[in-house]
Amino acid sequence: MSAEVARKLLMEHCTSAFLRKQLAAGLAHDDRIWRELSEISLVGMLMPESAGGLALSEVDFVLVAEACGYAALPGPFVEHAGVAGPLLAAAGAAAVGGAAANAVGTGLAAARADTIVARLAAARANTAVAGLAARAAAGEALLAIGHPANPFVADADTAEAVLLEHKGEVHLVSRRAVRLTREESIDPFRRLFRIDWTASPDTRLTNGALGRSLWEEAFERGALFAAAQCLGLAQRAVDLGVEYVKSRKQFGKPIGSYQAVKHLLASVQVKIEFARPVLYAAAARFSQHDCFSRALISHAKVVASEAAEVGARAALQVHGAMGYSWEVDVHLFLKRALALECAWGLSSFHRKRITRRILTQPLGPEHTFSREQHHA
Amino acid sequence: MDLTYTAEQVAFRAEVRAWLKAHVPASALPPFDATREGFEAHRKWERTLAAGGWGMVTWPREYGGRGLDLIQWLIFEEEYYRAGAPGRVNQNGLFLLGPTLMEFGTPEQKARFLPAMARGDEIWAQAWSEPQAGSDLAAVRATAQRDGDDYLLNGHKIWCSRAAFADWAFGLFRSDPTSEGHKGLSLVLFPLDAPGVTVRPIARLDGKVGFAEVFLEGVRAPVAQRIGEEGQGWKLCMATAGFERGLLLRSPSRYQVAAAKLVELYQQQAERADPTLEAAVTRAWMDAESYALSIYATASRLIQGGKIGAESSTNKIFWSELDIALQRTALSILGARAELLPQAPDAGDVGTWLDDYLFSLAGPIYAGTNEIQRNIIAERMLGLPR
Chain A
1 MSAEVARKLL MEHCTSAFLR KQLAAGLAHD DRIWRELSEI SLVGMLMPES
51 AGGLALSEVD FVLVAEACGY AALPGPFVEH AGVAGPLLAA AGAAAVGGAA
101 ANAVGTGLAA ARADTIVARL AAARANTAVA GLAARAAAGE ALLAIGHPAN
151 PFVADADTAE AVLLEHKGEV HLVSRRAVRL TREESIDPFR RLFRIDWTAS
201 PDTRLTNGAL GRSLWEEAFE RGALFAAAQC LGLAQRAVDL GVEYVKSRKQ
251 FGKPIGSYQA VKHLLASVQV KIEFARPVLY AAAARFSQHD CFSRALISHA
301 KVVASEAAEV GARAALQVHG AMGYSWEVDV HLFLKRALAL ECAWGLSSFH
351 RKRITRRILT QPLGPEHTFS REQHHA
Chain B
377 MDLTYTAEQV AFRAEVRAWL KAHVPASALP PFDATREGFE AHRKWERTLA
427 AGGWGMVTWP REYGGRGLDL IQWLIFEEEY YRAGAPGRVN QNGLFLLGPT
477 LMEFGTPEQK ARFLPAMARG DEIWAQAWSE PQAGSDLAAV RATAQRDGDD
527 YLLNGHKIWC SRAAFADWAF GLFRSDPTSE GHKGLSLVLF PLDAPGVTVR
577 PIARLDGKVG FAEVFLEGVR APVAQRIGEE GQGWKLCMAT AGFERGLLLR
627 SPSRYQVAAA KLVELYQQQA ERADPTLEAA VTRAWMDAES YALSIYATAS
677 RLIQGGKIGA ESSTNKIFWS ELDIALQRTA LSILGARAEL LPQAPDAGDV
727 GTWLDDYLFS LAGPIYAGTN EIQRNIIAER MLGLPR
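Line by line, the protein sequences are chains A and B.
Mapping of the first sequence onto my numbering: position 141 corresponds to residue 141, and the numbering continues sequentially without gaps.
Numbers given in my numbering equal positions in the second sequence, counted from 1, plus 376.
Source of the hints: derived by calculation from the structure; they are not laboratory data.
From the three backbone atoms N, C-alpha and C, an ideal C-beta is built for every residue, glycine too.
With beta-carbon atoms standing in for the labels, derived distance ranges:
| no. | chain 1 | residue 1 | chain 2 | residue 2 | range |
| --- | --- | --- | --- | --- | --- |
| 1 | A | T198 | B | G682 | 55 to 63 Å |
| 2 | A | M322 | B | Q644 | 47 to 55 Å |
| 3 | A | K246 | B | Y381 | 38 to 46 Å |
Computed cross-link-like contacts, DSS-like style, restricted to lysine-lysine with a CA-CA straight-line distance of at most 30 Å:
| no. | chain 1 | residue 1 | chain 2 | residue 2 |
| --- | --- | --- | --- | --- |
| 4 | B | K637 | B | K397 |
| 5 | B | K637 | A | K352 |
| 6 | B | K559 | A | K246 |
Build the full structure now, drawing on both the sequences and the hints.
As structure tokens, then:
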């Protein structure tokens, strides 16, 4: 339901003319699209209700991320709403829930609340974090995420605050307190930055033990939603190719009537058809948090980024010289596919995780939906 | 899609597993295509299956089934392949003609043919292709000429799987002699021992009998053996082909079990094997899982009343290509021994990989070549012009 609304909204806004306008202006983020995505609560989809979010699941967001890929939506939406927002909410909740956290020996508030003054300071900080999470869920504040798995931070320049890692801890740092160095990407809509910053007790949201598990979860979301965007991207590339080969004529016939052209596009469609169920299963089993579910996310990332790449290349090929031109949009999809493969774990990393699952867990058809067995 | 098996499904799996454990023959049966002996050994197995009520679990009870749904069918298949149970000699009947009869047959035809099929009493062959009608199946020339309450069948069918030893065949015939192409075709059943039928076995590239050609000279078949309306044959064939490519012919568990065996082989040979093969092993496993997840999604959709569409073509391409890659990887792991036949003195544990590899090469050809499937995807899914 939200996915259909998102798809419609994004396709209305992300026209070729819009992309070209942003391209010329060197912009990724667009206030109007952001406002509309916020108005229908998509920005806070994965955020908890306490932060004003919809508390929906990865199953729901994966469809929205797929629509973003299809539309080639520029800007921070997927990382903000899909990864950074939930991370901030979880880290903030852990800090606020100091007493509970203390019971399991983790948590920022408990660790610091050894004096009344410190306790008050912690409470103020927690209120500020909760406030930021609520504004992030409402789309009023933009977040960026500097995940240790990614060398650079996307869309850091338009963010109000950046989530950063230090010794496993989650830190929340104002954008004004970090130094940004632009790292130009081949994808003109991917605004990457190197971030120089200094960790301090004031920026710390969680300790290392809790932080590491939150960073891990953020990584899984990042990889899953990158895969979702790739799948959307792959389908869009095929659709662009199909549209062109139906109208372009050579030897007196549409080139789409020739088998060489048909088979190229059909082969990509086969890849898409068999990446989709993996992606949806990975989303459905996200909360399993074990070797099986992580391998499934990796599987989705590998096959979806392959589909995106071969899709974009097939689209380029069937467009002929037009496909190689700046004027035709195909290159935008090709570049996004390349960029997404580089983010949230390279395919080589993800393949290794799959191999680990294969070599350490039981195999066979009865294990398609298995979970890890813990022997206590 | 619900990814957790229900208690009922778990119990069903246990029941299938226990039955197979008690009944699957300890040593492999001789192949069903090579000799009459192997064929009959497989017929006997079909009868054992049927006696246990496992002939075709998705069929209604009145036809020898258990009235189970497609998820249970997948579970049955998973256990079946996991147990290493014999190949289904009657797969043409059970997986292709069966569903077609179920959808288009009269009550009398269903009662006449389905229970005998489920029991293994009648083993079926497919008689569609002709020397001049392969990918262009609509070019069939064999005729079914009306003669009172009978058809007189004449013509030459080829590449008929199982026909060397099977009892019956389902054939595509031109019932309107003035027709061309897809029109005027009818699907007619005939016994392979009927007067006027000559069966000539054809050897496959491995030298074993794999299929046959069938010559029909004035073969008499009652009109009651025609499925569907006269002239509706093409529509029925396309429905059958949908079953063939789509869901039933190649269960995902076949490849999941093969992938697990491949991983085992790799682990056994890891010290000697080229380390770069790990990527191919991982890939084979991934593709088998992708196929399984896709089929579960399709089965869930069909249970909710959906119809199988062009995914029968994407499926066929996917399983046939993953099969070749999987089997070829096994040969690479075996290294220089990969070329040895099992009877070679130093073959060791080469197993059936070579056989399975050769058979996988037929995958992109039978059930409609992958080139034809890509045309279908391009034209029906993507809307490209003919």
